[in-house]
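These protein sequences, in sequence, are chains Y and D.
Each residue of the first sequence is one higher than the one before, counting from 1 in the working numbering.
Each residue of the second sequence is one higher than the one before, counting from 386 in the working numbering.
These are calculated hints, taken from the structure and not from any lab test.
There's no promise every hint is true.
Cross-link-like lysine to aspartate or glutamate pairs, in silico, EDC-like; alpha carbons within 20 Å at most [to be verified]:
#, chain 1, residue 1, chain 2, residue 2
1, Y, K69, D, D409
2, Y, K318, Y, E239
3, Y, K117, D, D454
4, Y, K140, D, D409
5, Y, K66, D, D409
6, D, K515, Y, D121
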Amino acid sequence: MGLRKKSEEEFISQNFSFLDLVPVGVFILRKDYSVLFWNSCLERWTGVLRENILHQSVLDNFPILKQAKYASRIDSIFKGGPPVIFSSKFHEYLIPCPLGDGTFQTQQTMITSITDKDTNDIYALFTLQDLTDASKQISKFKTIKKELANKEVELNGMLNEVNRVNKELEQFAYVVSHDLRAPLRGITHLAEWIKEDLGDVMNESVEEHLVSLQERVSRMDKMIEGIFTYSKAISKNSEMKKVDLKLLLDEIVDELVVPSQFIIEYSEKLPIITSHRTKLKQVLSNLIGNSVKHHDKKNGHIIISVQENEEDFEFEIKDDGPGIAPMFHEKIFQLFNTMGDEPKKGSTGIGLAIVKKIITEFDGVISLDSEIGKGVSFKFTHRKY
Amino acid sequence: MILTEDQIDALGEIFNIGVGKGADTLNQMLDCQIKIRVPQIEVLTLKELKEQAEKFGPKNVSTVNQKFDGSISGNTMLAFPPQSAQNLVAALTGEEQGSPELDSVTVDTLSEVGNIIINSVMGSITNFFKQRLDYSVPNYAEDAIHSLVASHVGDTNCSIIFAKAHFSVENLEVQGEVILVFSVGSLEVLIGAIDAFGDSLGES
Numbered sequence: 001m002g003l004r005k006k007s008e009e010e011f012i013s014q015n016f017s018f019l020d021l022v023p024v025g026v027f028i029l030r031k032d033y034s035v036l037f038w039n040s041c042l043e044r045w046t047g048v049l050r051e052n053i054l055h056q057s058v059l060d061n062f063p064i065l066k067q068a069k070y071a072s073r074i075d076s077i078f079k080g081g082p083p084v085i086f087s088s089k090f091h092e093y094l095i096p097c098p099l100g101d102g103t104f105q106t107q108q109t110m111i112t113s114i115t116d117k118d119t120n121d122i123y124a125l126f127t128l129q130d131l132t133d134a135s136k137q138i139s140k141f142k143t144i145k146k147e148l149a150n151k152e153v154e155l156n157g158m159l160n161e162v163n164r165v166n167k168e169l170e171q172f173a174y175v176v177s178h179d180l181r182a183p184l185r186g187i188t189h190l191a192e193w194i195k196e197d198l199g200d201v202m203n204e205s206v207e208e209h210l211v212s213l214q215e216r217v218s219r220m221d222k223m224i225e226g227i228f229t230y231s232k233a234i235s236k237n238s239e240m241k242k243v244d245l246k247l248l249l250d251e252i253v254d255e256l257v258v259p260s261q262f263i264i265e266y267s268e269k270l271p272i273i274t275s276h277r278t279k280l281k282q283v284l285s286n287l288i289g290n291s292v293k294h295h296d297k298k299n300g301h302i303i304i305s306v307q308e309n310e311e312d313f314e315f316e317i318k319d320d321g322p323g324i325a326p327m328f329h330e331k332i333f334q335l336f337n338t339m340g341d342e343p344k345k346g347s348t349g350i351g352l353a354i355v356k357k358i359i360t361e362f363d364g365v366i367s368l369d370s371e372i373g374k375g376v377s378f379k380f381t382h383r384k385y
Numbered sequence: 386m387i388l389t390e391d392q393i394d395a396l397g398e399i400f401n402i403g404v405g406k407g408a409d410t411l412n413q414m415l416d417c418q419i420k421i422r423v424p425q426i427e428v429l430t431l432k433e434l435k436e437q438a439e440k441f442g443p444k445n446v447s448t449v450n451q452k453f454d455g456s457i458s459g460n461t462m463l464a465f466p467p468q469s470a471q472n473l474v475a476a477l478t479g480e481e482q483g484s485p486e487l488d489s490v491t492v493d494t495l496s497e498v499g500n501i502i503i504n505s506v507m508g509s510i511t512n513f514f515k516q517r518l519d520y521s522v523p524n525y526a527e528d529a530i531h532s533l534v535a536s537h538v539g540d541t542n543c544s545i546i547f548a549k550a551h552f553s554v555e556n557l558e559v560q561g562e563v564i565l566v567f568s569v570g571s572l573e574v575l576i577g578a579i580d581a582f583g584d585s586l587g588e589s
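Could you put the whole structure together from the sequences, leaning on the hints where they help?
Below, the structure written as structure tokens:
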């Protein structure tokens with residue numbers, strides 16, 4: 001026995017003493033599970049000193065290794081079989097190494113067969129790698145990933161709900177506008193028939209009232225149509241494409257009824273931007289149309305400019321009309337809000353509300369600068385897509 | 386080397402015994418019901434392996450490799466196509482299927498599964514040899530199957546036993562395929578040993 005021990009100790013010191021220098025846990029077992037080598041890293045990790053475990057059965061200190069699932073595979077090593085791996089997922093650890101917070105190291109263990117060529121004795125070399133940090137990080141990463149996936153599902157659900165509500169709103173607006181306009185048409189016809197029925201009997205006062213009635217009906221009709229347009233403006237089914245601003249303005253000016261003495265001025269070289277053409281056209285025609293409609297002179301001058309910034313385009317529509325009193329600067333963008341005598345000019349109070357909605361959709365803002373008698377300048381931004 | 390039908394059958398049986406034992410070890414260890422079988426094996430050259438592997442799926446697969454040296458020298462590889470890797474790890478760990486990219490813990494898990502199956506197959510093969518083989522440390526790698534075989538065996542004229550193994554986990558309806566690639570410098574020694582064993586059975 002003494003000789004055997006000496007020979008084994010020489011075998012270990014000649015071949016494996018460097019294992020005291022490595023940052024992994026290493027121990028070597030004899031066929032009878034007694035410990036032949038226990039490196040200093042393991043002393044530190046387990047708190048079990050080499051002198052207290054050397055030549056003792058490892059099973060006395062770590063009875064977990066008696067379990068059949070370990071024993072059968074460890075035994076194959078003593079028959080000279082291929083190395084055996086115990087992964088951290090299936091076996092959190094083989095040798096418990098306390099971490100101080102009541103938990104234990106997560107380990108990957110590999111067992112390799114080593115043979116003393118002189119004696120042909122086979123030993124099992126256990127190498128333990130500490131995977132605690134990696135396991136924690138991966139588990140944390142997986143939790144975050146799962147949370148993100150849940151959030152994504154939640155967001156998609158919300159988005160679907162928003163889309164559904166938007167669709168319903170659009171349908172509602174359509175139905176309402178359609179159903180409300182039908183009785184209006186009836187009122188128009190009834191007024192016509194009253195006129196016809198009264199014939200020569202109708203006095204001036206009745207005729208005035210009937211004209212007034214028809215005007216209000218016509219205004220109501222425009223307002224309902226405006227609601228429908230507004231509801232379409234907030235639906236987000238935008239198709240973005242390249243828009244040549246010069247061509248778009250040419251088209252708008254061409255379609256507007258502009259007095260011949262009016263000058264609408266813009267550069268020949270305007271940028272081509274990515275936008276929703278129909279919606280942008282609606283914004284520009286509403287703003288330019290307003291400048292024309294509300295101008296107090298026959299020879300008005302409107303200047304349109306576009307400036308390219310780093311993150312957006314800034315549009316300005318400036319006129320030399322009567323201007324807007326500061327008290328209306330906020331109010332005019334609200335739905336159905338007009339400035340006092342506006343209804344007489346056929347305004348419904350919807351146009352600028354639509355403009356603001358669309359600009360918000362372009363991630364932009366709109367503002368105006370104006371004083372009574374000094375014209376008005378509308379400025380809005382349009383995000384670069 | 387051209388093998389007779391009997392020799393191919395015998396090799397198939399050896400592989401089936403090996404993967405069966407591997408499944409037993411997994412079942413005992415994890416208290417699960419995994420079954421693995423090898424319906425048939427093929428003996429291929431490296432060039433033919435490339436063609437077969439390309440048919441099988443994506444170029445790069447997760448593999449566990451075990452090199453051996455001695456009476457016969459070569460490499461045994463267990464290759465996991467990505468979906469099979471995910472299915473198998475999820476079934477064995479009882480966790481939900483993770484992302485397609487393999488993290489180090491999943492790699493560690495695949496390494497143990499591969500190690501268990503390869504060792505059982507090696508055990509089944511080495512039963513025919515009186516001498517022990519020397520083994521290197523098992524290694525995990527992701528690459529094309531034929532490139533890995535070429536780099537491990539280092540001999541383009543090596544013989545390759547290619548076995549598609551089918552696994553299924555009872556109660557979980559999880560199944561898939563893993564590929565066993567056993568490559569040796571020369572098949573003669575292995576076949577000789579198997580034939581000798583068969584002869585000895587006939588004599589007794």
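Restraint status (C-alpha distance of K318(Y) to E239(Y) at most 20 Å) = 29 Å, violated
key: Proposed proximity, D409(D) with K66(Y) (alpha carbon, max 20 Å)   = With Cα atoms ~18 Å apart, K66(Y) and D409(D) stay inside 20 Å; holds.
query = Within 20 Å, alpha carbon to alpha carbon, are K140(Y) and D409(D)?
reply = 33 Å, violated
K69(Y) paired with D409(D) [C-alpha distance capped at 20 Å] = This hinted pair holds, its Cα atoms lying about 10 Å apart.
inquiry  = Holds or violated: K515(D) and D121(Y), Cα atoms, limit 20 Å.
reply    = 17 Å, holds
key: Holds or violated: K117(Y) to D454(D), with C-alpha atoms at most 20 Å apart   = Since the Cα atoms of K117(Y) and D454(D) sit roughly 16 Å apart, the hinted pair holds (cutoff 20 Å).
Checked against the numbered hints given earlier, the structure breaks hints 2 and 4 and satisfies all the rest.
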